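Just so it is clear: in the sequence shown, position 75 is 75 by the working numbering, and no numbers are missing.
Think of the hints as simulated: they come from the structure by calculation, not from any bench.
Take these hints with a grain of salt, some might be off.
[Said to hold, decoys possible] Beta-carbon label-pair distances, calculated as ranges:
1. L119 - G177: 17 to 23 Å
2. V147 - D123: 35 to 41 Å
3. A85 - A162: 18 to 24 Å
4. G177 - S88: 38 to 44 Å
5. D192 - D151: 28 to 34 Å
6. D176 - E116: 21 to 27 Å
Quick caveat: nothing in here was measured; it's all calculated off a predicted structure.
Virtual Cβ for every residue (Gly too), placed ideally from N, Cα, C.
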Amino acid sequence: MRHARVEHTRSGDRRGSTLRSTPASTLRILLLALVMLGSASCAGSTASSSTATPPSGPDSTDVMFVRRMLVEHQHGIELARIAIARSSYLDLLEFATTISATQSAEVEQMQTWLRERGLDTTDPGDTELDPTRATVSEADRAELAAVKGFDFDDVWITLMSAHQQRSIDLAAAEIDGGTDPVIGDLAISIRDSHQQQIDGMQLIYVIKE
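Using the sequences and the accompanying hints, generate a full structural model.
Next comes the structure, spelled out in C-alpha coordinates:
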(Lines of atoms letter the chains of each structure in order from A and count residues from 1; the text may use other names and numbers.)
(Lines give C-alpha, C1' and ligand atoms only; values in the text may rest on other atoms or scores of the structure.)
Protein backbone atom coordinates (compact mmCIF):
# COMPACT_ATOMS: atom_id res chain seq x y z
CA MET A 1 0.00 0.00 0.00
CA ARG A 2 2.92 2.38 0.50
CA HIS A 3 3.53 2.67 -3.24
CA ALA A 4 0.04 3.98 -3.90
CA ARG A 5 0.74 7.27 -2.15
CA VAL A 6 3.20 8.50 -4.79
CA GLU A 7 2.05 6.71 -7.94
CA HIS A 8 0.10 9.81 -9.03
CA THR A 9 3.38 11.57 -9.75
CA ARG A 10 4.30 9.08 -12.45
CA SER A 11 1.01 8.11 -14.07
CA GLY A 12 1.31 5.24 -16.52
CA ASP A 13 4.77 4.27 -15.26
CA ARG A 14 5.11 0.48 -15.14
CA ARG A 15 8.57 0.31 -13.67
CA GLY A 16 7.31 -0.58 -10.20
CA SER A 17 7.06 -4.31 -10.88
CA THR A 18 10.62 -4.36 -12.23
CA LEU A 19 11.98 -2.33 -9.32
CA ARG A 20 10.42 -4.64 -6.76
CA SER A 21 12.46 -7.52 -8.19
CA THR A 22 15.72 -5.54 -8.08
CA PRO A 23 18.20 -6.20 -5.21
CA ALA A 24 18.16 -3.52 -2.52
CA SER A 25 21.89 -2.84 -3.02
CA THR A 26 21.28 -2.02 -6.68
CA LEU A 27 18.36 0.23 -5.77
CA ARG A 28 20.53 2.15 -3.31
CA ILE A 29 23.10 2.73 -6.07
CA LEU A 30 20.31 4.07 -8.29
CA LEU A 31 19.06 6.28 -5.46
CA LEU A 32 22.54 7.70 -4.86
CA ALA A 33 22.88 8.41 -8.58
CA LEU A 34 19.61 10.36 -8.56
CA VAL A 35 20.75 12.39 -5.55
CA MET A 36 24.08 13.19 -7.23
CA LEU A 37 22.32 14.23 -10.45
CA GLY A 38 20.14 16.64 -8.51
CA SER A 39 23.17 18.20 -6.82
CA ALA A 40 24.98 18.55 -10.15
CA SER A 41 21.97 20.24 -11.76
CA CYS A 42 21.79 22.77 -8.96
CA ALA A 43 25.53 23.54 -9.17
CA GLY A 44 25.30 24.12 -12.90
CA SER A 45 22.37 26.50 -12.70
CA THR A 46 24.00 28.49 -9.88
CA ALA A 47 27.21 28.90 -11.87
CA SER A 48 25.36 30.27 -14.90
CA SER A 49 23.65 32.93 -12.77
CA SER A 50 26.90 34.41 -11.49
CA THR A 51 28.12 35.27 -15.02
CA ALA A 52 24.89 36.77 -16.34
CA THR A 53 24.39 40.50 -16.98
CA PRO A 54 21.21 41.86 -15.37
CA PRO A 55 18.70 43.12 -17.97
CA SER A 56 17.26 46.63 -17.73
CA GLY A 57 13.67 45.42 -17.35
CA PRO A 58 12.97 41.84 -16.22
CA ASP A 59 9.91 40.12 -17.65
CA SER A 60 6.97 39.91 -15.24
CA THR A 61 6.62 36.18 -15.93
CA ASP A 62 10.22 35.60 -14.80
CA VAL A 63 9.75 37.72 -11.67
CA MET A 64 6.53 35.94 -10.73
CA PHE A 65 8.17 32.55 -11.21
CA VAL A 66 11.14 33.44 -9.02
CA ARG A 67 8.98 34.83 -6.22
CA ARG A 68 6.61 31.87 -6.23
CA MET A 69 9.48 29.38 -6.43
CA LEU A 70 11.09 31.06 -3.42
CA VAL A 71 7.93 30.32 -1.44
CA GLU A 72 7.89 26.70 -2.62
CA HIS A 73 11.59 26.23 -1.85
CA GLN A 74 11.26 27.66 1.65
CA HIS A 75 8.42 25.22 2.25
CA GLY A 76 10.53 22.34 0.88
CA ILE A 77 13.53 23.24 3.03
CA GLU A 78 11.39 23.27 6.17
CA LEU A 79 9.85 19.94 5.22
CA ALA A 80 13.32 18.47 4.61
CA ARG A 81 14.51 19.67 8.02
CA ILE A 82 11.57 17.93 9.69
CA ALA A 83 12.70 14.65 8.10
CA ILE A 84 16.30 15.26 9.16
CA ALA A 85 15.12 15.75 12.75
CA ARG A 86 12.62 12.87 12.84
CA SER A 87 13.57 10.06 10.48
CA SER A 88 15.93 7.25 11.45
CA TYR A 89 16.06 5.79 7.93
CA LEU A 90 19.50 6.47 6.41
CA ASP A 91 18.44 6.63 2.76
CA LEU A 92 15.68 9.14 3.52
CA LEU A 93 17.99 11.21 5.74
CA GLU A 94 20.54 11.46 2.93
CA PHE A 95 17.80 12.41 0.51
CA ALA A 96 16.32 15.09 2.79
CA THR A 97 19.78 16.53 3.45
CA THR A 98 20.44 16.82 -0.28
CA ILE A 99 17.06 18.44 -0.93
CA SER A 100 17.69 20.99 1.83
CA ALA A 101 21.16 21.83 0.48
CA THR A 102 20.19 22.10 -3.19
CA GLN A 103 17.06 24.14 -2.55
CA SER A 104 18.94 26.46 -0.18
CA ALA A 105 21.48 27.12 -2.96
CA GLU A 106 18.67 27.81 -5.42
CA VAL A 107 17.02 30.20 -2.94
CA GLU A 108 20.28 32.15 -2.71
CA GLN A 109 20.52 32.26 -6.51
CA MET A 110 16.96 33.51 -6.93
CA GLN A 111 17.27 36.13 -4.19
CA THR A 112 20.48 37.40 -5.82
CA TRP A 113 18.72 37.60 -9.20
CA LEU A 114 15.97 39.76 -7.69
CA ARG A 115 18.38 41.99 -5.74
CA GLU A 116 20.50 42.63 -8.83
CA ARG A 117 17.37 44.00 -10.50
CA GLY A 118 16.31 46.13 -7.54
CA LEU A 119 13.29 43.93 -6.84
CA ASP A 120 11.79 42.70 -3.57
CA THR A 121 11.65 38.98 -2.94
CA THR A 122 7.89 39.18 -2.33
CA ASP A 123 4.92 41.03 -3.82
CA PRO A 124 2.23 41.85 -1.20
CA GLY A 125 -0.37 42.07 -3.96
CA ASP A 126 0.12 38.47 -5.06
CA THR A 127 -1.98 36.04 -3.00
CA GLU A 128 0.23 33.17 -4.18
CA LEU A 129 3.03 34.77 -2.14
CA ASP A 130 1.20 34.58 1.18
CA PRO A 131 4.00 34.07 3.76
CA THR A 132 2.04 31.21 5.34
CA ARG A 133 2.58 29.19 2.15
CA ALA A 134 6.30 29.15 2.92
CA THR A 135 5.78 27.03 6.00
CA VAL A 136 4.53 23.51 6.56
CA SER A 137 0.79 23.71 7.28
CA GLU A 138 -0.63 22.86 10.67
CA ALA A 139 -2.52 19.95 9.11
CA ASP A 140 0.67 18.51 7.63
CA ARG A 141 2.54 19.02 10.89
CA ALA A 142 -0.22 17.20 12.77
CA GLU A 143 -0.14 14.33 10.29
CA LEU A 144 3.63 14.00 10.63
CA ALA A 145 3.47 14.30 14.43
CA ALA A 146 0.94 11.47 14.64
CA VAL A 147 3.25 8.88 13.08
CA LYS A 148 6.75 7.54 13.60
CA GLY A 149 9.21 5.11 12.08
CA PHE A 150 8.45 3.93 8.55
CA ASP A 151 4.95 5.41 8.81
CA PHE A 152 6.54 8.83 9.29
CA ASP A 153 8.75 8.20 6.26
CA ASP A 154 5.72 7.27 4.17
CA VAL A 155 3.79 10.41 5.11
CA TRP A 156 6.83 12.60 4.57
CA ILE A 157 7.52 11.14 1.12
CA THR A 158 3.90 11.76 0.15
CA LEU A 159 4.08 15.40 1.27
CA MET A 160 7.49 16.04 -0.29
CA SER A 161 6.48 14.41 -3.57
CA ALA A 162 3.45 16.72 -3.76
CA HIS A 163 5.68 19.71 -3.00
CA GLN A 164 8.18 18.75 -5.68
CA GLN A 165 5.39 18.26 -8.21
CA ARG A 166 4.14 21.81 -7.53
CA SER A 167 7.63 23.10 -8.24
CA ILE A 168 7.76 21.10 -11.47
CA ASP A 169 4.47 22.64 -12.57
CA LEU A 170 5.74 26.16 -11.83
CA ALA A 171 8.98 25.44 -13.70
CA ALA A 172 7.08 24.13 -16.73
CA ALA A 173 5.07 27.37 -16.91
CA GLU A 174 8.28 29.43 -16.76
CA ILE A 175 9.91 27.33 -19.49
CA ASP A 176 6.90 27.97 -21.73
CA GLY A 177 6.38 31.67 -20.97
CA GLY A 178 9.56 33.19 -19.52
CA THR A 179 12.20 35.21 -21.39
CA ASP A 180 15.23 35.46 -19.09
CA PRO A 181 17.83 32.84 -20.13
CA VAL A 182 19.27 32.43 -16.64
CA ILE A 183 15.87 31.87 -15.06
CA GLY A 184 14.92 29.62 -17.96
CA ASP A 185 17.98 27.47 -17.27
CA LEU A 186 17.11 27.42 -13.57
CA ALA A 187 13.55 26.34 -14.36
CA ILE A 188 14.84 23.48 -16.52
CA SER A 189 17.23 22.45 -13.74
CA ILE A 190 14.43 22.52 -11.14
CA ARG A 191 12.07 20.57 -13.39
CA ASP A 192 14.65 17.86 -14.07
CA SER A 193 16.17 17.61 -10.58
CA HIS A 194 12.81 17.56 -8.82
CA GLN A 195 11.53 14.82 -11.09
CA GLN A 196 14.69 12.86 -10.28
CA GLN A 197 13.99 13.41 -6.60
CA ILE A 198 10.41 12.16 -6.96
CA ASP A 199 11.78 9.08 -8.73
CA GLY A 200 14.28 8.63 -5.92
CA MET A 201 11.58 8.81 -3.26
CA GLN A 202 9.68 6.10 -5.10
CA LEU A 203 12.85 4.00 -4.91
CA ILE A 204 12.92 4.49 -1.14
CA TYR A 205 9.52 2.81 -0.94
CA VAL A 206 10.90 -0.17 -2.85
CA ILE A 207 14.10 -0.41 -0.81
CA LYS A 208 12.14 -0.45 2.47
CA GLU A 209 10.04 -3.36 1.25
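task: Determine which of the earlier numbered hints do not hold for this structure and return their numbers in increasing order.
output: none
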